[in-house]
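Between the sequences and the hints, there should be enough to build the whole structure, so can you do that?
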Amino acid sequence: MLEIRWHSRAGQGAVTGAKGLADVISTTGKHVQAFAFYGSAKRGAAMTAYNRVADKVIMNHEKYMEPDFVFVIDPALVYTTDVTIHAKPNTKYIITTHLTKQELIASQPKLEGKEIYTVDCIKIAQETIGRPIPNTPMLGAFMKISGMYDIEFFKDSMVRILGKLPQKIIDANMIAIQRAYDEVK
Amino acid sequence: MAFDKMELKDIEVWDGNFAAAQALRQSQIDVVAAYPITPSTPIVEGYAKFLADGYIEGEFVMVESEHAAMSGCVGASAAGGRVATATSSQGFALMIEVLYQASGMRLPIILNVVNRALAAPLNVNGDHADMYLGRDSGWIQLGAYCPQDAYDLNFIAFKVAEDHDVRLPCMVHQDGFMTSHTAQGVHTLTDDVAYSFVGDFKPMNDMLDFEHPVTHGVQTEEDWHFEHKARQHNDLMTKVLPKIQAAFDSFEKLSGRKYNLVESYDMADADVCVVCMGSSVETAREVATEMRAKGIKAGVVGIRVIRPFPFMEIAEALKGVKAIAALDRSSPNGAPGMLFNEIAGALYNTADRAMLCGYIYGLGGRDLTKKHLANLYTELQANVDAGKITTQLQQFIGVRGPKLAFL
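Listed in order, the protein sequences are those of chains X and W.
Position one of the first sequence corresponds to residue 120 (my numbering), numbered consecutively onward.
Position one of the second sequence corresponds to residue 10 (my numbering), numbered consecutively onward.
Keep in mind that the hints are not guaranteed to be accurate.
So the derived list for chain X, only partly shown, Cβ under 10 Å to chain W, looks like this [claimed, not checked]:
#1 134
#2 153
#3 183
Stretch by stretch, here's where chain W covers chain X in the computed footprint (C-beta under 8 Å, at least three residues) [unchecked claim]:
#4 136–144
#5 167–181
Bear in mind the hints are in silico, worked out from the structure with no lab data behind them.
Idealized CB from N, CA, C, for every residue including glycine.
Here is the structure:
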């Protein structure tokens with residue numbers, strides 16, 4: 120079982136990102152689950168979304184999760200929420216930030232000693248898609264860190280999932296995914 | 010069919026709401042009258058989009074409240090159409106008056122209920138308070154555990170409800186957010202296969218059949234009211250479960266997916282078992298398997314058909330088990346809990362009455378964790394080891410503050 124927790128703000132696309140990732144993984148024969156806590160949260164409120172991936176049918180519906188990966192797609196959430204809650208010793212973090220890894224850890228001591236990767240998904244999204252929607256770049260970064268799929272296979276899959284959007288937006292998303300894949304460190 | 014068909018993958022990643030919306034599309038509803046409410050909104054929203062995109066021939070009636078939504082469904086169903094809608098929580102509560110009209114008039118309307126807590130305090134998350142509110146309304150109630158079930162049970166619902174020997178409305182329940190907004194792989198049926206299972210709508214006593222005038226919504230006082238209610242109850246008690254079983258059997262032949270009136274999991278030699286509904290059934294199955302690895306013979310009984318309550322089948326499923334936990338996801342507000350009471354009733358006249366405890370859990374969407382369930386099985390095993398119930402009969406799982414226990 121692979122488990123992922125997304126930290127996001129309502130409206131930044133974490134639910135869409137989690138469902139998109141689940142869709143891609145499902146086509147490779149694995150079982151998936153994607154869900155979120157949002158309730159009546161308003162746009163901009165901190166929220167979390169979740170992915171489970173397994174080789175057999177996923178029967179666990181508890182919301183509690185000790186994640187293998189934590190995605191933070193809004194830079195402020197490392198300060199206003201506890202992104203390390205229920206983590207395991209080997210949990211990997213991919214965090215959107217304009218800071219260097221050292222600056223980030225210095226500014227949030229809770230991240231000290233954790234396996235941290237950083238990438239500026241907000242900047243990438245703004246420069247490619249033209250809006251601060253950091254979900255697809257985060258998935259590009261995840262492909263690099265996890266080595267889950269070849270990036271070309273992943274991009275082809277995302278083209279299908281984003282299918283109904285205008286071609287220009289799809290192309291911009293592909294550039295965003297590739298840039299995050301290349302820039303995460 | 011004079012509309013576009015949709016190409017689906019064998020496995021689509023859908024949440025429970027979208028799975029239900031797709032099942033409604035494939036069943037080709039004539040009329041959906043709906044008023045949106047969280048968390049059920051995407052079902053009727055999805056249906057409306059399919060209609061707008063030319064995938065359905067039908068009418069979508071936008072109304073001013075859930076009371077009007079169900080009233081519109083009653084009118085359309087009496088007129089002679091295939092009718093469905095969806096709601097949750099407060100909307101369901103507002104429909105209640107009309108739910109009794111629908112069942113009393115023997116109108117086979119399908120209502121997707123995305124289970125959610127009832128205010129106050131206001132809460133949009135999943136528990137079974139609305140589902141429990143509907144249990145005396147004369148509707149058939151089917152319970153989904155996951156998005157796949159929400160898809161499949163809609164087809165079953167039409168098949169059973171519209172059968173001329175049944176002619177009763179049917180609710181398909183799924184857990185708000187835990188199922189409705191959780192995306193998982195759903196094995197699909199093609200449009201043709203799905204529609205051929207449900208079949209063309211066959212009207213009965215329809216008001217638009219001018220050759221055979223009928224009256225709907227009549228008044229009966231003490232001269233006939235009791236006979237109407239007794240016949241309705243008779244049909245629920247004697248006709249519905251065999252029809253559901255027959256629909257499950259033919260659906261299994263079609264899809265390979267097997268549903269049962271009562272879903273027993275590892276019950277053959279179980280000492281301890283949990284009886285529950287909704288998405289909790291699947292989590293409990295996973296924990297039961299883990300408990301077996303620790304030497305506790307654990308099983309799970311999931312309720313698939315809530316009404317009519319499968320009284321005999323439950324007693325059979327619980328035969329030989331030593332300690333049972335009945336899990337109710339709704340505040341009983343001064344009673345032991347619906348499942349506790351029903352199971353106690355089903356077991357009271359049997360030879361081996363197991364130790365039965367009731368647990369209230371998960372109100373307002375509070376998480377039921379695997380750890381909660383592991384502790385629960387351990388507590389049941391302690392009862393078995395002690396040969397008596399070592400706790401009070403009613404306890405609460407996962408509530409903060411001082412421990413609450415009663416009876």
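- Task: Provide an ascending list of the numbers of those earlier hints which the structure does not satisfy.
- Result: none
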